[in-house]
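Peer 1: So you can see what is in the structure, the chains are spelled out below.
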Amino acid sequence: MNDNDLRQLFDDYRPTPGGDVEFLEELQRRLDAVECIHSMQKAQRRRNMVALVLAAAAGCVAGSIAALVSPRLANLFILNASDMAANTMTFVSWICAGAVSLVVTLAAYDLCRMFVAGKLKRMVGGVI
Amino acid sequence: MDKSGFADLVKGCQGELRRFLTALCCGNRELADDLAQDACVKAYLACHTLRDESKFLAWLLRIAYFSFISSKRAQVAATDIADAHNLTSDERSDDSFRYQALHLALARLGAKERSAILLHYMQGYNVKEIAELTGQSSDAVKQQLSRGRSHLKTMLENER
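So the sequence lines, in the order shown, correspond to chains A and B.
Heads up, the first sequence is in my numbering, so the first residue is 2 and it goes up one at a time.
Heads up, the second sequence is in my numbering, so the first residue is 849 and it goes up one at a time.
In short, the hints are calculated from the structure, not lab data.
From the three backbone atoms N, C-alpha and C, an ideal C-beta is built for every residue, glycine too.
Take these hints with a grain of salt, some might be off.
Label pairs and their computed distance ranges (CB to CB) [what the hints assert, rightly or not]:
#1 A:6 x B:991: 36 to 44 angstroms
#2 A:13 x B:918: 27 to 35 angstroms
#3 A:46 x B:894: 38 to 46 angstroms
#4 A:70 x B:890: 56 to 64 angstroms
Derived lysine to any residue pairs resembling SDA-like cross-links, with alpha carbons at most 20 angstroms apart [to be verified]:
#5 B:890 x A:25
#6 B:1001 x A:3
#7 B:990 x B:958
#8 B:890 x A:3
#9 B:851 x A:3
#10 B:859 x A:22
#11 B:859 x A:34
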């Protein structure tokens, strides 16, 4: 058996494949599934971005309000206090302002994510 | 490339792809079709990296080859021989009987030798092209071809 015999052997190798139509239909189904997952991922990324932006905006607003309010609140407590106590109260009020804006930001992000999850569930329910 | 464009390209070369994979899987058509589907989905996910559509078949064969190699890692070597034997007694397909000797001989080759032999003798690629396609050096491909060829000849002559 020489090289040409081997080549001839493989030239003659024509296995009857399974149905072309079935193969292409199955492929089409898989490609549809891939497209569906892609569109879901894209929608989720977009909504996550919206949630992030909304949470940042909520955090900014809450932080600004807290920053405006906290010196006035601190003043209520430090009218007759010593300098050291006054400084401490100011410091604590700023910490509180920061904490409030952080909590508001995280809560806004979680709320937006919950909203997104609801939307996604409806979307998946609609597709499958 | 959109989904319908990709499906058209696959339609044009799915016969070649499945024939190659059927030989690679020693006549196991179910496994071959499964690998072909897997390769097509991987190709679709990566189709933005394909620059020259005229080389689509070579690109698809490369993906199919790597799918086959990674599927082989999970299998024991004896499976192919068992598959080839099982298929010969399977009455679903006349091919199993017709190509019994070839499938058994291929099953006794290593996965890489078998791939090199099929790419060279069945698909008509030269050593350099096979080296590019399989990500190996030309010397390694030459060695696989030479070893595979001599094993195949011995086994097929013994069958006669």
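Peer 1: Which hints from the list above does the structure break, by number from lowest to highest?
Peer 2: Failing hints, ascending: 1, 3, 8 and 9.
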